[in-house]
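> Protein chains in written order, with the numbering used here: chain X, 1 to 302; chain B, 1001 to 1182.
Derived by calculation from the structure, the hints in this document are not laboratory data. All figures in this text were calculated on a predicted structure; none of them were measured in a lab. One thing to keep in mind: the hints can contain errors.
Said to hold, decoys possible - Derived lysine-lysine pairs resembling DSS-like cross-links, with alpha carbons at most 25 Å apart:
(1) B:1047 - X:39
(2) X:28 - B:1132
(3) X:297 - B:1111
(4) X:134 - X:36
(5) B:1090 - B:1109
(6) X:134 - B:1164
(7) B:1117 - X:134
(8) B:1099 - X:219
(9) B:1090 - X:36
(10) B:1074 - X:216
(11) B:1074 - X:28
(12) B:1057 - X:126
(13) B:1132 - X:134
(14) X:36 - B:1132
(15) X:28 - B:1117
(16) X:28 - B:1099
(17) X:298 - B:1099
(18) B:1182 - X:39
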Amino acid sequence: MTQKLSLLALFVFIFAFAAKAQDIDLNKMLEEEQAKEEKGKVHYTEATFKTTRLINGHSIENIAPGIMDLKVSHRFGTLNSGAYEFFGLDNASMRLGFDFGITPRLMVGVGRSSYQKQFDGFLKYKILRQSTGKRTMPISMSVVSSTMVTSLKWSDPTRKNFFTSRMQFAHQLIIARKFSESTSLQLMPTIVHYNLVPKANDPNDVIAIGFGGRQKITKRISINAEYYFQVPGYKFSGTTDALSFGFDIETGGHVFQLHITNSRGMTERTFISETNGKWSKGDLLFGFNISRVFTIKKPRKK
Amino acid sequence: MKLFLLVITGWVFCAAATTDPVIYTSNNGSVNFRSEAPFELINASSKELKGAIDASKNNFAFRIRIRSFEGFNKPLQKEHFNENYLESEKYPEATFNGKIIETVDYSTKGKYTVRAKGILSIHGVEQERIIKSDIEITGNSIRISSNFTVLLSDHNIPIPRVVKEKLANEIKVTINTELFAK
């Protein structure tokens, strides 16, 4: 009995001292609590790229619902056209586009390019969002579907021409991952469908695989690269793969994208399947995209 | 008998030790900040302020997750706030830890104005600050409200020239929270 009691006494003392000696670190306590809470939440990765376009093509980004993004893009002539053409600056083509965010996952856009007098429209839907925390998703994935209509005059007005012959379609899957705060990469398998092809032995479906990425060099500037590899046998004869490099420069509500590319067009079919400039020959074009966002519908106050 | 006494004193000690650190905590305090620049007024708030006060030592700790701030004038502004200004990936939280200068009698109800002295850490930059706060002891809780300013330049957050007229260097912060005894 006495033994038991003495043991108990010892326990009680140890307990009392332990409690006394323990200096409660409030900061640590909150930190642990926070960490525990974070595990129970899903954190979606944001800002994989600065804007919805990488260079010519789409990036994984969507614009927020209720936002309109005005995009003005220019491509000048080739740099190797010489001093007479002022290294291409005399010869500009442009695309004016309006993109709208509908839901956090869906955006739509329309545009008009001076090159080949094209109209285009697209839908972009985010299927997967990269996340950490309660639900871990290593990648983001989007699907982009665009339709292009060329409004050039018929090359042969005497034969029977169909409106559908003016249409092309491009479908892309975009798989992206933000590896770190400054590095993001994406993969873009693409199929471009032509209702009417330029030459008899050209395929109606062009298949390409795009690779792209960005590396931030400062908080507001990043270097981007984009390459579309056309699968042999599913490409037009005499075309080259589109390869582009550029900078994203962000200033408040604007994003400026400056780039060097070997393609003239700014719609999927023109840069993926109809690029014919060669980097080795200096058939390079300087271009820029300017993006300006406007709030057209205020989000509801919570 | 002696042993029995020992046990009793032990218990008393133990009880004294356990009642000693009375900790008050909260998980859902509100923080609001305001930038009043000539061309733009920016407002954002969070209801995720965590706080703790150790009444026995007069110590306190506060913590807020930067990404929990909502509001702003447009979604892109929130993105830039996280990406370019607060860099919330690198510095996910802001904290304020320290000691209350005045001795507060936590057992009697009443309102006090106290000065909280501690280290304010925002954007990874620590500043020693004395922040005046109104506190109210209600019996089982402590209500805290405080207004203070934070200078962006104190925390190494530069304002780019193009937004100089749209973003104030002096940010007004309001805090309201109620901490309950644990």
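> Does each hint hold? Answer for all of them.
Tested hints:
1. B:1047 - X:39: 18 Å, holds
2. X:28 - B:1132: 24 Å, holds
3. X:297 - B:1111: Answer violated: residue 297 (chain X) to residue 1111 (chain B) is near 44 Å, above 25 Å.
4. X:134 - X:36: Measuring from Cα to Cα gives roughly 11 Å; hence the hint holds.
5. B:1090 - B:1109: Violated, because 42 Å separates the two Cα atoms, which is more than 25 Å.
6. X:134 - B:1164: Not OK: residue 134 (chain X) and residue 1164 (chain B) at ~39 Å, beyond 25 Å, violated.
7. B:1117 - X:134: Roughly 36 Å between the alpha carbons, so the hint for residue 1117 (chain B) and residue 134 (chain X) is violated.
8. B:1099 - X:219: 36 Å, violated
9. B:1090 - X:36: 19 Å, holds
10. B:1074 - X:216: Satisfied, since the Cα-Cα distance of roughly 23 Å is no more than 25 Å.
11. B:1074 - X:28: 35 Å, violated
12. B:1057 - X:126: Between residue 1057 (chain B) and residue 126 (chain X) the Cα gap is close to 52 Å, so the pair fails against 25 Å, i.e. violated.
13. B:1132 - X:134: 38 Å, violated
14. X:36 - B:1132: Status violated; Cα separation ~31 Å.
15. X:28 - B:1117: Holds, because 18 Å separates the two Cα atoms, which is no more than 25 Å.
16. X:28 - B:1099: At roughly 15 Å apart (the allowed maximum being 25 Å), residue 1099 (chain B) and residue 28 (chain X) satisfy the hint.
17. X:298 - B:1099: 42 Å, violated
18. B:1182 - X:39: 23 Å, holds
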